[in-house]
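Based on the sequences and whatever the hints tell you, model everything.
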Amino acid sequence: MKIRRFRQGDEAALFRVYFTAIHDVAAGDYSSEQVEAWAPPDLDMDLWANRIQGIQPFVVEIDGEIVGYADVQQDGYIDHFFVSGAHQRQGIGARLMARIHEEAESLGLTELTANVSKTAEPFFSLYGFRVIARRFPVIRGVTLQNALMRKELEHGA
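Residues in the sequence shown are numbered from 1 upward in steps of one, following our numbering.
Treat the hints with caution; some may be incorrect.
As the list claims (entries may be wrong) - Pairwise CB distance ranges (calculated):
# : residue 1 : residue 2 : range
1 : ALA133    : GLY9      : 34 to 40 Å
2 : ARG134    : ARG51     : 23 to 29 Å
3 : GLN8      : ILE132    : 32 to 38 Å
4 : GLU154    : LEU43     : 35 to 41 Å
5 : ARG135    : TRP48     : 18 to 24 Å
6 : SER31     : SER125    : 35 to 41 Å
7 : MET45     : ARG89     : 15 to 21 Å
No wet-lab data here; the hints were simulated from the structure.
Small disclaimer: the values here were computed from a predicted structure and weren't measured.
Think of the CB as a built atom: it goes at the ideal place given N, C-alpha and C, for glycine as much as any other residue.
If you want it as structure tokens, here you go:
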């Protein structure tokens with residue numbers, strides 16, 4: 001398992017990770033209508049590429065295949081955190097979370113925040129994140145549920 005910075009050209013593989021994480025895993029906690037709104041198969045790939053290039057995530061590869069990715073922004077916000085549906089429970093999320101914490105320390109951050117799906121909430125809780133607010137964003141006309149979670153970091157780490 002190798003973790004590295006995003007490179008241009010990773011966008012399509014990252015979409016596959018995102019899509020399978022939602023359609024294969026989060027689908028257990030969300031209706032098919034919610035899953036389709038959240039991760040439609042016909043998502044505009046130019047918009048997707050711009051979004052991914054903007055967040056500059058860390059990417060996890062196993063044998064050259066991208067299997068997960070996550071980012072942390074300058075303000076401590078984690079925008080994306082996804083592991084491929086075919087690669088759950090293999091330590092990929094743990095590696096990504098460790099890398100995010102390393103980056104947070106190097107940036108001198110005092111907290112991390114994320115809008116977390118119902119599916120990911122237990123995972124984030126394991127790493128010391130607490131629910132600050134329940135949210136109900138509307139995506140493509142469909143209401144989903146997530147939670148704003150925050151973790152205070154000691155000594156900026």
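Hint-by-hint comparison with the structure:
1. Taken as a hint, the range 34 to 40 Å holds for the pair ALA133 and GLY9, whose Cβ atoms sit roughly 37 Å apart.
2. The given range of 23 to 29 Å is respected by ARG134 and ARG51, whose C-beta atoms sit roughly 25 Å from each other.
3. At roughly 34 Å, the beta carbons of GLN8 and ILE132 sit within the given window of 32 to 38 Å.
4. In this structure the hint that GLU154 and LEU43 lie 35 to 41 Å apart at CB holds, the actual value being about 38 Å.
5. ARG135 and TRP48 have their C-beta atoms about 23 Å apart, which keeps the hinted 18 to 24 Å range intact.
6. Checked against the hint of 35 to 41 Å, the C-beta distance between SER31 and SER125 comes to roughly 23 Å, which is inconsistent with it.
7. As the Cβ distance of MET45 to ARG89 is approximately 29 Å, the hint placing it in 15 to 21 Å is violated.
Checked against the numbered hints above, the structure breaks hints 6, 7 and satisfies the rest.
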